[in-house]
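The primary structure of each chain is shown beneath.
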Amino acid sequence: MSETIAQALEPSPELAERLAGLTGVSACYQCKKCSSGCPLTFAMDFYPDQVIRLALLGQEALVLGCRTIWVCSACETCTTRCPNNIDIAGVMDWLKEEALRQGYASPQPGVTSFHQSFLDAVRLGGGRLSEPLLLGLYQLRNGGTLAKLKSGALVEDLRMAWELARRRRLPLRLPRRLKGVREIKAFFKKSPI
Amino acid sequence: MKVSYYPGCSLEGTAIDYAASIEEVSRLLDLELEELEDWNCCGATAAHSLNHHLSLSLPARNLALAAAAGQDVVVPCALCFNRLKVAEKALKGPDGDQLGVSYQGGIKIWDLLDYLTQNGRLKDLAAKVVQPLTGLKAVGYYGCLVARPPAVTDKKEAENPQNLEQLLKVLGADPLDWSFKTDCCGAGLAVARPDIIDTLVQRLYDRALRAGADCFVVSCQMCQANLDMPQQRIAKKTGQDYYLPVFYFTELIGLALGHPEVKKWLAGHLVDPVPLLEKIGLRV
Chain A
1 MSETIAQALE PSPELAERLA GLTGVSACYQ CKKCSSGCPL TFAMDFYPDQ
51 VIRLALLGQE ALVLGCRTIW VCSACETCTT RCPNNIDIAG VMDWLKEEAL
101 RQGYASPQPG VTSFHQSFLD AVRLGGGRLS EPLLLGLYQL RNGGTLAKLK
151 SGALVEDLRM AWELARRRRL PLRLPRRLKG VREIKAFFKK SPI
Chain B
1001 MKVSYYPGCS LEGTAIDYAA SIEEVSRLLD LELEELEDWN CCGATAAHSL
1051 NHHLSLSLPA RNLALAAAAG QDVVVPCALC FNRLKVAEKA LKGPDGDQLG
1101 VSYQGGIKIW DLLDYLTQNG RLKDLAAKVV QPLTGLKAVG YYGCLVARPP
1151 AVTDKKEAEN PQNLEQLLKV LGADPLDWSF KTDCCGAGLA VARPDIIDTL
1201 VQRLYDRALR AGADCFVVSC QMCQANLDMP QQRIAKKTGQ DYYLPVFYFT
1251 ELIGLALGHP EVKKWLAGHL VDPVPLLEKI GLRV
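One line per chain: the protein sequences are A and B, in this order.
Take our numbering: the final residue in the first sequence is number 193, and no numbers are missing along the way.
Take our numbering: the final residue in the second sequence is number 1284, and no numbers are missing along the way.
Just so you know, the hints here were simulated from the structure itself, not pulled from any lab data.
Glycine included, C-beta positions come from ideal geometry on N, C-alpha and C.
This list has only true hints and no planted wrong ones.
Pairs of lysine-lysine residues, derived as DSS-like cross-links and limited to a Cα-Cα distance of at most 27 Å, are as follows:
#1 B:LYS1263 with B:LYS1123
#2 B:LYS1002 with B:LYS1123
#3 B:LYS1169 with B:LYS1263
#4 A:LYS33 with B:LYS1089
#5 A:LYS179 with A:LYS189
#6 B:LYS1092 with A:LYS185
#7 B:LYS1237 with A:LYS148
#8 A:LYS179 with B:LYS1002
#9 B:LYS1108 with B:LYS1092
#10 B:LYS1123 with B:LYS1137
#11 B:LYS1128 with B:LYS1169
#12 B:LYS1092 with A:LYS190
#13 B:LYS1089 with A:LYS185
#14 B:LYS1092 with A:LYS189
#15 B:LYS1155 with B:LYS1169
#16 A:LYS33 with B:LYS1155
#17 B:LYS1155 with B:LYS1108
#18 B:LYS1156 with A:LYS32
#19 B:LYS1089 with A:LYS179
#20 B:LYS1169 with B:LYS1264
#21 A:LYS148 with B:LYS1236
#22 A:LYS179 with B:LYS1092
#23 B:LYS1156 with A:LYS33
#24 B:LYS1089 with A:LYS189
#25 B:LYS1169 with B:LYS1123
#26 B:LYS1089 with B:LYS1108
#27 B:LYS1089 with A:LYS190
#28 B:LYS1237 with A:LYS150
#29 B:LYS1156 with B:LYS1108
#30 B:LYS1108 with A:LYS179
#31 B:LYS1155 with A:LYS32
#32 A:LYS150 with B:LYS1236
Label pairs and their computed distance ranges (CB to CB):
#33 B:LEU1028 with A:GLU14: 53 to 63 Å
#34 A:GLY143 with B:LYS1236: 25 to 35 Å
#35 A:LYS32 with B:LYS1236: 29 to 39 Å
#36 A:ARG166 with B:LEU1028: 25 to 35 Å
#37 A:LEU124 with B:LEU1029: 35 to 45 Å
#38 A:ARG167 with B:GLU1278: 16 to 26 Å
#39 B:PRO1132 with A:ASN84: 40 to 50 Å
Construct the entire structure; sequences and hints are all you get.
What follows is the structure in structure tokens.
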């Protein structure tokens, strides 16, 4: 075994303990009800039950670097059905936040930068989301414009934007200044990502 | 009757058609929606994905505003509803005082569909129907987050809710049974991973058609967008000729109650529902 793989597989037993503060992951008996009902498994590298198992085994690098946590759509089916009341969708969120905190490169950079652009848009807009601002920030942050142009995805994005704009569903307006703008800024400051 | 109203950001943008139908239909039902003053974004999927504290403090501020207004608050967006409910539980929990807002409680958070179909309201509604939606074969599509997880939403029926079907019956439509009413449409992955949406949504189209439906009826603007917007793309990609309009339930209330502006709301859709309505002989 090469040194890198050995390092990657070095267990971090404290991971399960830290997760226990959120939800009782150690109660998992691998019934796989979460994975059976998950609509997104086709896009995942680990099934949800495997993420829980790997977390219990302290395989931090595997769970923090996996695609599953980012393609989870947070539909909450797993959390609803878990016979042991494990908040599995909550675990996915916790792992995403932890992965960013530890500086892991997201295996789904588009999804990650969409979320980041969303929060930027709310912050810059003074507390409410402007969808045109979100889409603009996302294009800037995500890049890949040339690749999107080649694949035809850019044309599809523009077609969609046009279809919405001509129905007045992408209104461009200046952000309105909320009275609570300071309070809201303080929320963002308290936990910057 | 008065109630507080938290529209959420998309109802000022991509879902202005939903917003317009809600305002008008409330008037028809003698319901006065009082928009919460100075409300802010709930943080949606982005906040709970990246920033736990923010995902609670943003909706908590709205709850504080709602409690100060002193009456129940109605929420038309499934995601906003869910985040407000999560914040409500957090505020009552052990770390509630760390969210930076002062919340008195004493109010109930409603999702709009529940509010409009609660005890007695359906009967009132039935008495106002002037154009029964006879022949409209529809599947109800609820939106994941109005019901799930029940520990957060306080809903009794998370797997098989029925109130959308009950409403459609009252309006004279023909709601069909299917197993996908609370399945996920892919929600916020629409921009970054449209391919995922296409897979999930195509399955919903096929299952709706198999159930015999001509259209979807939704109570969430994210579901509406994901079922409506990519329909042409999915049809092209799969070589299938899909035509499945996606109505907001409020638009159908307006249609059955004879509101004159229904056509204006429907003009916001990408899949034009008018040919379907004309085919079954409904005036719009």
